[in-house]
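S.K.: Protein chains in written order, with numbering that gives the first Met the number 0: chain G, 0 to 281; chain A, 0 to 154.
Misleading hints may appear alongside valid ones.
Coverage of chain A stretches by chain G, computed from C-beta distances (three or more under 8 Å per stretch; other residues unrestricted) [stated by the list, open to error]: (1) 13-26; (2) 32-38; (3) 70-76; (4) 80-87; (5) 120-134.
For lysine to any residue, the following SDA-like pairs were computed, each having C-alpha atoms within a straight-line distance of at most 20 Å [stated by the list, open to error]: (6) 138/G / 150/G; (7) 70/A / 156/G; (8) 70/A / 1/A; (9) 70/A / 138/G; (10) 70/A / 17/G.
Quick caveat, the hints were computed from the structure, so don't treat them as lab data.
Model, not experiment: these values are computed from the prediction.
No residue lacks a Cβ here, since even glycine has one placed at the ideal position from N, Cα and C.
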Amino acid sequence: MEFYQPETIEQALALLAADPAAMPLAGGATLVAMLNAELVEPSALISLAGIEELSAVEAMADGTLWLGAMISHADLATEERLSGGHSVLRQAAAQIAHPSVRNIGTLGGAVAHGDPSSDLPAALVAADAVIKMASPTGKRSIAAGEFFEDYLTTVLAEGEMVTAVGLPRLPENAVGHYEKFARVHGDYATLSVALILAMKGGECSYVSVALGSAGAKPVRVPEAEARLLGSALDGAAVQDAAQLLSEASDPVDDVRGSAEYRLMLLPRLLQRALNVAVACAP
Amino acid sequence: MINITLEINGEERELCVPAARTMLDALRNDLNLTGTKNACNQGVCGACTVLLDGTAVNACLVLAANIAGRKIVTIEGLGEGGRLSPMQQAFVDTGAIQCGFCMSGMIVSATAFLTENPKPSRHEIRAGLSGNLCRCSGYVRVIDAVILASERMGA
Numbered sequence: 000m001e002f003y004q005p006e007t008i009e010q011a012l013a014l015l016a017a018d019p020a021a022m023p024l025a026g027g028a029t030l031v032a033m034l035n036a037e038l039v040e041p042s043a044l045i046s047l048a049g050i051e052e053l054s055a056v057e058a059m060a061d062g063t064l065w066l067g068a069m070i071s072h073a074d075l076a077t078e079e080r081l082s083g084g085h086s087v088l089r090q091a092a093a094q095i096a097h098p099s100v101r102n103i104g105t106l107g108g109a110v111a112h113g114d115p116s117s118d119l120p121a122a123l124v125a126a127d128a129v130i131k132m133a134s135p136t137g138k139r140s141i142a143a144g145e146f147f148e149d150y151l152t153t154v155l156a157e158g159e160m161v162t163a164v165g166l167p168r169l170p171e172n173a174v175g176h177y178e179k180f181a182r183v184h185g186d187y188a189t190l191s192v193a194l195i196l197a198m199k200g201g202e203c204s205y206v207s208v209a210l211g212s213a214g215a216k217p218v219r220v221p222e223a224e225a226r227l228l229g230s231a232l233d234g235a236a237v238q239d240a241a242q243l244l245s246e247a248s249d250p251v252d253d254v255r256g257s258a259e260y261r262l263m264l265l266p267r268l269l270q271r272a273l274n275v276a277v278a279c280a281p
Numbered sequence: 000m001i002n003i004t005l006e007i008n009g010e011e012r013e014l015c016v017p018a019a020r021t022m023l024d025a026l027r028n029d030l031n032l033t034g035t036k037n038a039c040n041q042g043v044c045g046a047c048t049v050l051l052d053g054t055a056v057n058a059c060l061v062l063a064a065n066i067a068g069r070k071i072v073t074i075e076g077l078g079e080g081g082r083l084s085p086m087q088q089a090f091v092d093t094g095a096i097q098c099g100f101c102m103s104g105m106i107v108s109a110t111a112f113l114t115e116n117p118k119p120s121r122h123e124i125r126a127g128l129s130g131n132l133c134r135c136s137g138y139v140r141v142i143d144a145v146i147l148a149s150e151r152m153g154a
C-alpha cells in the first residue's frame, strides 16, 4: 500500500484520479478502524492532514460560515463561531464518541462516511448546511439534505472529495439543541433530534428538525415543521409533528434498540428538545 | 515502506513503517513500548490511549506514517527521573487497579483530561474517561484516583 501526503487539494485530487483504488485519509477515526478490521483494502492512502486550507474556518459577508473538512470533532465542539442556531452542530460534535476519538475524527470524514447513526449528519441537515466537493473536473456544492442518500451512501462520485461545509445564516434569535439518546455515554444514538428554533411573542417563528438513527439518512419533514411553525408548541402541535416525523422514519432493529422502540422515543425526545430550546430561546 | 522521525517520550526516534501500520503497532512491535495495550483495535476501548502533541488519542486509529515530526507520550513517558507522575501515584495510592490491563489508557486519558479540567466533578470525570473501558468494572476507585490527583496537583 502506498502512502501520499499532498499539500494541496489539487494534488490530492490528481492522486485520487490516478488510482481509483486509492482512498483519501481524513482523521482516520473510521477508516483506520476499517483497515484494522480488514474491511477495506485500498491500494494507497492519500493523507489530507497536510492540506492547510482544509482546516480553515471562514465567516463570509453574507453570514455563511464555512468549515474546512479537516476540522476535528474536538475543535468543532469548542468553535465559538458556531453560535445561535449553529450551536446544534457544536453540541452534536461534543457528543461524538469519546475525547480521544473526537481529537482524531473530522467533519469531512464524518460527512463523506454518511453514517445516519452518527451525530453530525442530522445536525447538518437541520442547519441547512451546504456540502462543498471538489473533483478533477471542478467544484460543486449540494444541500446536506440531498447529499446523504442511503446507509453509508452519499452523492460523492469516484475521485471526488468533501472540502468544506457551509452553514447559511439563521435568524438572529435562533437557538440550537441536539438531543441524543444513547445507551451509554459516547455510544451511537438510539435516536437523536437536531433542532433549531426561534420564538417570537410566545409563538414558534422558525423551526428545523432532523432525526438521526431514524432511517437510512437524516429524516426531515417539511410538513412537521409547518405544523410547529406559528404554534405555541402546544401538546397537540408537537404530537402531530412527531407523528409526521414518525411516518417518514424507517429505523432499523439493532443492538441499540428495536425500530419500534426508537419510534416510541421519537415524540418524547422531540418534546425534550423543544423544552430545552424554548428555555434557551431569547 | 515510509521513513519517519518522531519524538517519543522526549526522544527522537526513526521508524520505517508500512502505510497501514498504526501507531499502536509501531509502539509495541517496532519500539518495544508495550505499556500501551492492544485490545479492540477499533477505537472503542481506550486501552491504547497515548498523548499526541498533548491531546489524548487512540493509538490504534492513528497511522504512524501520518504523524511524522509530532510528539508522542506513552505511559512509559509520564513519569520523570524514575518517579511516577502525580496521576500514576494517585492510581497506586487509591488502589484503582484490578487486573491492570486498562490502566495505561486510563492514566493517559486522565492526565490529558486533568490538563483541560483541573478541578473536575465526579460526573465530569465519568464523561471524560467514558472512552476507557475496564472489563473488571472497577470504575469507582479510578474516579477516586483522578480526584486525588486533582487535589494534589492543585495543592
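S.K.: Determine for every hint whether it applies to the structure shown.
M.R.: For each hint, the structure was consulted:
With 4 residues having a beta carbon nearer than 8 Å to a beta carbon of chain G, the region 13-26 of chain A meets the requirement of three or more and the stated coverage holds. With 0 residues carrying a beta carbon less than 8 Å from a beta carbon of chain G, the region 32-38 of chain A misses the three-residue requirement, and the given coverage is violated. Residues of the region 70-76 of chain A lying with their CB closer than 8 Å to a CB of chain G number 0, which falls below the three-residue condition for coverage. Residues of the region 80-87 of chain A lying with their CB closer than 8 Å to a CB of chain G number 0, which falls below the three-residue condition for coverage.
Coverage of a stretch by a chain is defined here by at least three residues with a beta carbon nearer than 8 Å to that chain's beta carbons; for the region 120-134 of chain A and chain G the count is 6, and the condition holds. A C-alpha spacing of about 24 Å is found between residue 138/G and residue 150/G, which places the hinted pair above 20 Å, so the restraint is violated. Proposed proximity of residue 70/A and residue 156/G is contradicted: the alpha carbons are some 36 Å apart, above 20 Å. A hinted pair counts as satisfied when its Cα atoms are at most 20 Å apart, and residue 70/A with residue 1/A qualifies at roughly 18 Å.
Between the alpha carbons of residue 70/A and residue 138/G the distance comes to roughly 36 Å, so the proposed pair goes past 20 Å and is violated. Straight-line distance between C-alpha atoms of residue 70/A and residue 17/G comes to about 33 Å, which puts the hinted pair past the 20 Å bound.
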